[in-house]
Amino acid sequence: MDKRDYGLIILAVAICAVILVGEYATYGNVYRYDSSADASGNYSIYDSGSHSYTAVLSDNGSFQAPAKFYIYYDEGYGSVVHDAKVEVGAKALDQQYYLSQLVNNLKYYSVTDVTYVNAAELATKLSEPATGVGLIVISGALPETVYTGASGCLILNWISSGGSLYWAGEAIGKYIGKSDGTVSEAPTGYEALFLGSSAELNQETGDTRALADVAANNYRNDLSLKNNDVRYAVKVASVSGSLAVGYEKDGCASSVLVQNG
57 MDKRDYGLII LAVAICAVIL VGEYATYGNV YRYDSSADAS GNYSIYDSGS HSYTAVLSDN
117 GSFQAPAKFY IYYDEGYGSV VHDAKVEVGA KALDQQYYLS QLVNNLKYYS VTDVTYVNAA
177 ELATKLSEPA TGVGLIVISG ALPETVYTGA SGCLILNWIS SGGSLYWAGE AIGKYIGKSD
237 GTVSEAPTGY EALFLGSSAE LNQETGDTRA LADVAANNYR NDLSLKNNDV RYAVKVASVS
297 GSLAVGYEKD GCASSVLVQN G
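To convert, count from 1 in the sequence shown and add 56; that's the numbering used here.
These are computed hints drawn from the structure, not numbers from a lab.
Values in this document were obtained by computation on a predicted structure and should not be read as measured data.
Calculated cross-link-like contacts (lysine to any residue; reagent style SDA-like; alpha-carbon spacing at most 25 angstroms):
hint	residue 1	residue 2
1	LYS181	VAL159
2	LYS291	ASN316
3	LYS230	ASN213
Have a look at the derived ranges for each label pair, beta carbon to beta carbon:
hint	residue 1	residue 2	range
4	ASP278	ASP90	17 to 25 angstroms
5	THR168	ALA93	18 to 26 angstroms
6	TYR102	LYS234	44 to 52 angstroms
A virtual CB, placed ideally from N, CA and C, is assigned to each residue, including glycine.
With the hints as extra help, turn the sequences into a complete structure.
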């Protein structure tokens, strides 16, 4: 994984945490952070430490925000993750390492109902009620147990039933992880399965670092979003009802919240 992939993990943390403090700090022990808000705009925040914060209140309508999260990881199935090269004896900066850091960071924001699932377990979990459940995937490929590259497969039905997919990495839907450790490419039009028929992804292969904040809102500062890479990012204008946050470049944003297509 190269340096720009680090921000993808931060992105997943930012979305899952829902409301983040304005300043970021690391502690040896997990601290307690709670917040609540109502439709009138009233809110309360409890923090066991002394920190500056920014409160961001978003109206989700009838959508139920996830309270339980699954993290997909199966070393036996194919993935598309570019591990970072490290010196001999150093900690390997691979998918497993970054997922462990993701879980630790979620704990800082009192997101503790998090469970790792392999390919077989994922199929079981996605057969259960989807409302209030989030799935985090950074493997770059969805396993063949839940994804075939065609409409009507298990993960697409799960999303349509109210599940929330948090994706970071390669082009969403492009790769299918196989049980023999390889991957195959889904048929053309895979992005439409997740984002809608008119969706387009950024296919630029050069410098994909965005330097300008999304102009339409201040979420980049309010949520302390740091990732500025727009590789494989959604072209915001191509997806109706989307919310771009973070950084933007040539119509693409580093973080985008999208309704299921």
